[in-house]
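As you go down the protein sequences, you meet chains A and B in turn.
For the first sequence, the UniProt record's numbering gives the first residue as 1, with consecutive numbering after it.
For the second sequence, the UniProt record's numbering gives the first residue as 1, with consecutive numbering after it.
Rather than coming from a laboratory, the hints here were simulated on the basis of the structure.
Quantities reported herein were computed from a predicted structural model and do not represent experimental measurements.
Each hint should be verified, as a subset may be incorrect.
A pair counts as met if it fits within one copy or between any two copies, since identical chains are not told apart.
The calculated lysine-lysine pairs, modelled on DSS-like cross-linking and capped at a C-alpha distance of 25 Å, are [claimed, not checked]:
1. 47 <-> 274
2. 81 <-> 325
3. 165 <-> 122
4. 106 <-> 123
5. 160 <-> 178
6. 325 <-> 82
7. 204 <-> 325
8. 82 <-> 98
9. 114 <-> 191
10. 81 <-> 294
11. 119 <-> 337
12. 234 <-> 294
13. 178 <-> 103
14. 257 <-> 274
15. 103 <-> 123
2 protein chains.
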Amino acid sequence: MLLFAGCGNDSMSNSSSATSKGFQTTGRNVDGEYQGVIEDGHYLTSKSRGVVLVKDSENILNLQSFERGLLNISKQEFSPKKYIFQEGQVLNKSTVYKWLGRKTKKNTLGLNPKDNGSKDPKKRNPMYVQAISEQDYMQKDDNDKLVLSGMTIGIAMNRKDYYQKEEYGATYISDISKEKMLQEGRIAAAKVLARLRQMKDVPKNIPIVIAMFEQAPQDSLVGGTIYAYTVSKKGAELGSWTETDYQSCVFPATDGKKVPNDNDEESFLNFKNKVQNFFPNLAGVTAQAYYEGKTLQGLNINITTQFYSQTEVISFTQYITRAAKQYLPANVPLNIKVRGSDGNVQSFVSHQQRGDDYYTHVFGSY
Amino acid sequence: MLLFAGCGNDSMSNSSSATSKGFQTTGRNVDGEYQGVIEDGHYLTSKSRGVVLVKDSENILNLQSFERGLLNISKQEFSPKKYIFQEGQVLNKSTVYKWLGRKTKKNTLGLNPKDNGSKDPKKRNPMYVQAISEQDYMQKDDNDKLVLSGMTIGIAMNRKDYYQKEEYGATYISDISKEKMLQEGRIAAAKVLARLRQMKDVPKNIPIVIAMFEQAPQDSLVGGTIYAYTVSKKGAELGSWTETDYQSCVFPATDGKKVPNDNDEESFLNFKNKVQNFFPNLAGVTAQAYYEGKTLQGLNINITTQFYSQTEVISFTQYITRAAKQYLPANVPLNIKVRGSDGNVQSFVSHQQRGDDYYTHVFGSY
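The shape of chain A in the complex, shown without the other chains:
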């Protein structure tokens, strides 16, 4: 039984048994984020928790971008003010493993094509579908019960399929064209939707968002992006696809890679130039830039340098804050993470939008 208590209630006390045995939420302290569901004091984790992480071929950045992308798309359909986020409870591990596998006599549900026997990168049948993620969006019904009221399903597609010809052997790559990825993605989406609509745990006629994600290569310093999504209002009708134009890239751009807007990279390079020579020892300065079309949407800057004292950390942080104000765009979310040579975060600067203060924090120790 799904008992929902504590929504909008800041108390965590267990004085009422309905609360302690029922559901609570995490609270919403992070602006614009969803509240999550807590059951008996424990977070209700995904039924397919960990499926993606155990794939050793996975780039962790893809996972982060995938989930963050799904949340962003979901917010358009399921407002965080009206819906509560719940980790996927419909698709369990065994189902997801089956779906992500190849189609065989034993595994008729595999979304990837059967093995044609070839080990040649260009002749073999590659794995197109890399990951599936489910997000549940909940609302209270008239009896204060928490009910599944919307779903977002993410399907992560490969442009490169990494494989071994023999166990523990060298890694080979089958390239997948953009057209082929789009085509296979649409086929997989249709199958997934049809299967979901058959499941008894999925209430009839709830909206289901299907979002398609293009995986970044394993050696990429940014994750992939959502390239299209659709909202199925009811039944097995996919609805019409909305194509998105998101792109993540790295500054400074690597050889031959074109960035969406040269001006942004130039701003970054001015910042980098100012910052990297602050100490006698060089600081490493890189960035992830996120674009919609040619318009910058956000910038994550990573700085690594060797510090010899706490006062150096403080001075450096003040300096980069000033440099950020002068050189970096003020109208998009900016996050700067400063790490020491041991990899530990030392300080952090954040600015969300024009007019906001620059938030600065130096991590200390007593």
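Place chain B on chain A using the hints.
Below, chain B alone, put in the same frame as chain A:
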């Protein structure tokens, strides 16, 4: 020549040669902190940079607590609004190494006693003075030149002296009583002050703060604390010592260790209890608590857990923010750092004083 330009000036442009060849400051973006000195676009690092770090016997937490402690004491004497911070430029590496050494025929300046030949922990002469740190406090003179106007010298004293009987051999410990440490510290302070007053780089009659620091043991999870300081107004007069009553401790307290105030630890344990069972896998929750007397001054909480998705990080961060509001003191600086099992920081919650918002940040990736 010390040319000072750019104080209170947010521009970093090098349009004027006086600026580009002279001094700038880091800016002051971190509330209540000092601006630092930049020379030709580079930070003016300490002349004894790295001396402490190369000592392999050093606990890095001591270093952080030592420098942070010196800054806090300095702020009482040299207001950040009136003084600019400069890393120590008077004592160079070679001088500091000599002072930290034993007194020998060759090294007459050694502050530590001569080797009496014994290797027995109780009979040998231990090393009392472990580290010396110099902080310079600068002001502009009438010609806009930056001049040394105050100094803080920190002297870090051992309660335990770690040593080897043979190179690369086992580590032995000579314990030093509190009384002995205080006595040796006063002797060292008097010598250091007298030497500084003789140095041509130290302007006559500037105030010199001498702050005494008690090192925490190597295996401590908190650093040491300043136990006394004095302000020498001029000449070799030490002035009168002010004893401080700072103490850092760890929550949960380890066996037998008494914490200054049980209520604070109980609050922490309630928080920990609520947080550590959030996921099916346990979260590690520890804290550093900083006290003056029996009064809590600040709390640094470290949480480590394994996350399986970005949505788990977001939900967890919301939950701990709510738990912090409910269980932890609201009237002292509180910083909570959340790390994944790989050690990378995932999110961060901060609250500075009663009435402030709780600042929450989830580190993301594009």
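Practice task
Go through the numbered hints given earlier and state which of them the structure violates, listing their numbers in rising order.
Solution key: 7, 8, 10, 11 and 12
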